[in-house]
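*Asks:* As given, the protein sequences belong to chains A and B, one line each in that order. So the first sequence is numbered by this note's numbering: it starts at 1 and just counts up by one. So the second sequence is numbered by this note's numbering: it starts at 1 and just counts up by one.
It cannot be assumed that every hint is accurate.
Where chain A lies over chain B, by a calculated footprint (3+ residues, C-beta under 8 Å) [as the list claims (entries may be wrong)]:
id, region
1, 64-75
2, 180-193
Partial list, derived from the structure: chain A residues whose beta carbon lies under 10 Å from chain B [unchecked claim]:
id, residue
3, 66
4, 67
5, 72
6, 74
7, 77
8, 92
9, 102
10, 108
Since the hints were derived computationally from the structure, they do not count as laboratory data. Backbone N, C-alpha and C define an ideal beta-carbon position, used for all residues, glycine too.
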Amino acid sequence: MGSKTANTIPFNGTAEQEAELLKVINEGKNEKGSLMGILHKAQDIYGYLPIEVQKIISNEMDIPLEEIYGIVTFYSQFSLTPKGKYNISVCLGTACYVKGAGNIYDKLKEKLNLEDGGCTPDGKFSIEACRCIGACGLAPVITINEDVYGRVVPEELDGILKKYNDAE
Amino acid sequence: MSNINIKINGIDVSAPEGSTILEAARISNIDIPTLCYLKDINEIGACRICVVEVKGARSLVASCVHPISEGMEIFTNTPKVLKSRKMTLELILSTHDRRCLSCVRSGNCELQKLAKDLKVEDEGRFDGANNEYEIDYSAAHMYRDNNKCILCRRCTAACSKVQAIGVIGANNRGFTTEICSAFEMGLGETSCVSCGQCIAVCPTGALYEKDNTTEIFEVLADPSKHVIVQTAPAVRAALGECFGMPIGTNVEGKMIAALRKLGFAKVFDTNFAADLTIMEEANEFLDRFKNGGKLPLITSCSPGWVKYCEHYYPDMIENLSSCKSPQQMFGAIAKTYYAEKMGLDPKDIVMVSVMPCTAKKFEIGRDDEDAAGVPDVDYAITTKELASMIERAGIKFTSLPDEEFDMPLGMSSGAGVIFGATGGVMEAALRTAVEKLTGEELPSLDFMEVRGVKGIKEATYNVAGTDIKVAVVSGLANARELLNKVKSGEADYHFIEVMGCPGGCVNGGGQPQQPANIRNFSDLRALRAKALYDIDVTRSVRKSHENTAIKELYAEFLGEPGSHKAHELLHTTYVKRSIN
């Protein structure tokens with residue numbers, strides 16, 4: 001049905017996070033048009049917007065869950081799945097794309113058994129496509145958290161992933 | 001409001017200030033085609049089917065939302081306009097499942113009619129990649145086929161604005177946009193109340209009630225079954241529309257004749273059970289009123305409203321009358337009293353009800369609705385489903401003679417028939433409760449304050465020196481507004497009637513669908529309600545407690561209203577539900 005993959009990672013929200021969210025909601029709930037801002041802050045707090053978080057917002061603000069979900073799925077900056085410990089971003093900007101980034105992206109998704117925006121069940125890796133990150137000279141480029149890999153070829157992907165797998 | 005002068009297609013037109021171009025054109029007998037527009041419900045100017053040219057405007061404008069101004073020159077059928085509308089429609093058709101022959105809306109589809117009116121010659125002109133959607137069968141009362149959905153948003157507006165529910169909306173964006181519930185839940189998992197108002201406004205076959213007509217033809221052909229039918233008050237006020245009769249025609253007699261021709265052993269009237277409901281509910285009200293019971297008492301005839309209360313106001317379910325709805329009371333009496341009288345095993349009786357309502361399909365499966373140990377009602381079909389059975393059986397409806405209901409469960413008062421319109425239950429209950437309280441005959445039976453299509457009505461009646469404060473609401477957004485006032489203490493009443501659908505059952509989700517160009521310019525609720533009030537005044541008995549068949553039922557079988565037996569058979573329980 002929906003294009004956004006349903007989350008498979010169990011929700012691990014803490015009492016502190018919830019208290020912070022409730023504070024954010026209480027500050028904005030009587031203001032017209034405050035929902036977008038609250039969703040942004042909620043995503044800052046939790047890293048993503050799972051059903052548990054959307055339900056809190058729905059109940060507290062008396063807005064139907066579907067209305068919130070409709071907004072979350074409309075805007076690409078909102079995520080229904082958490083980021084992994086290592087978030088892989090594959091640049092699909094024009095330069096990277098013509099240099100084979102599409103293939104790199106497919107290979108990575110296949111190796112990690114993920115769809116766009118997904119996160120592995122152990123919470124280690126997540127993957128997403130991004131637009132030009134301004135390193136066209138290094139195309140195709142992927143980033144893993146703050147690490148940048150340029151002129152990536154499919155053969156080196158196993159080695160790159162292993163580094164992070166071995167890290168812990 | 002003053003009129004202003006405009007020109008439409010070069011001809012002078014005078015129209016009230018504040019009108020839209022669509023409305024002004026209508027005054028000069030031009031019906032501009034629309035698709036997404038529904039007056040007061042969905043005014044988003046999104047589909048671009050209703051575009052017109054306005055002199056001086058940079059581009060074509062959406063006539064449904066564009067207001068007229070003095071001296072405006074409008075052109076509704078230039079080649080540019082016709083070409084634009086047609087291309088817009090062809091683009092919509094490119095992602096539409098065009099298997100029209102087997103579609104439930106074939107012949108009654110707004111999209112199909114537009115394709116004909118706008119002279120689409122190649123419905124596949126823009127065919128390309130397409131989404132395929134699984135049909136959602138999860139709800140008890142309806143299905144959703146998004147392959148037929150054109151994303152007009154009429155259903156989502158009805159759900160969130162008219163009914164204050166909002167369990168459906170648009171998810172995702174662009175090409176993957178679809179009308180769905182949060183997290184792609186099936187409708188049956190959400191707090192959908194089964195009112196069917198989304199179905200009533202859908203222009204295509206994307207939303208439709210679950211159909212039981214084939215099963216009913218099968219049981220009718222089974223000689224081991226005693227198949228009987230009851231018809232709700234509002235059905236007779238709308239069934240004729242399916243056969244080209246004017247909106248608001250009372251077709252009670254023809255409907256009875258058609259049901260006999262279909263082969264039902266007995267044709268009974270839900271109005272009888274409406275009278276019975278009044279006996280029980282008036283008794284319950286007087287008991288709570290005199291003995292300090294939970295007030296306000298809120299009616300429980302509307303299963304959409306009952307489910308809404310369970311989901312959204314679970315702390316108020318004790319305010320709901322414990323009375324089963326008339327449909328369920330009827331089934332309970334049919335499978336006990338009537339079965340006994342006829343010497344039938346309740347298991348061999350098949351109780352079919354014809355209802356203006358889709359939530360009735362949900363209601364028959366509720367817990368505690370099985371007085372004889374078997375479901376009170378076996379099949380609840382809508383007015384539209386009955387029309388389709390009549391068509392399928394080849395019955396020439398408009399030529400049928402008027403026939404009468406079977407007795408005794410076909411006997412009813414004028415109070416029973418007005419149940420189908422908002423305010424009707426309240427008025428019927430007042431006719432009985434006031435006479436019971438005062439012990440005197442009412443000088444006038446007409447409680448005009450609770451009549452009419454207004455969403456929220458209030459009245460205070462001084463009865464035997466005591467003020468009784470009542471409120472009548474229809475449409476769940478109105479119910480929400482009123483209940484919030486009750487909860488906050490801003491308003492207080494003794495007795496509230498709530499109907500889930502705006503205008504009451506006459507405008508139920510199972511009633512014949514009228515296209516937007518009719519809905520936008522006439523009030524279905526008022527037209528159909530009038531048919532019921534007209535029946536009321538012609539009845540010799542207009543008070544439920546004077547219905548002789550009801551008196552007999554109590555004398556022979558139930559004892560007194562509110563008796564132990566009445567409670568066992570005619571009352572039910574409610575559950576708290578969550579919001580999803």
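*Asks:* Determine for every hint whether it applies to the structure shown.
*Replies:* Here is what the structure says about each hint:
{"no.": "1", "hint": "64-75", "in the structure": "violated (count 0)"}
{"no.": "2", "hint": "180-193", "in the structure": "holds (count 6)"}
{"no.": "3", "hint": "66", "in the structure": "4 Å, holds"}
{"no.": "4", "hint": "67", "in the structure": "6 Å, holds"}
{"no.": "5", "hint": "72", "in the structure": "9 Å, holds"}
{"no.": "6", "hint": "74", "in the structure": "5 Å, holds"}
{"no.": "7", "hint": "77", "in the structure": "12 Å, violated"}
{"no.": "8", "hint": "92", "in the structure": "17 Å, violated"}
{"no.": "9", "hint": "102", "in the structure": "18 Å, violated"}
{"no.": "10", "hint": "108", "in the structure": "23 Å, violated"}
In the structure shown, a violation is registered for the earlier hints numbered 1, 7, 8, 9, 10, in ascending order.
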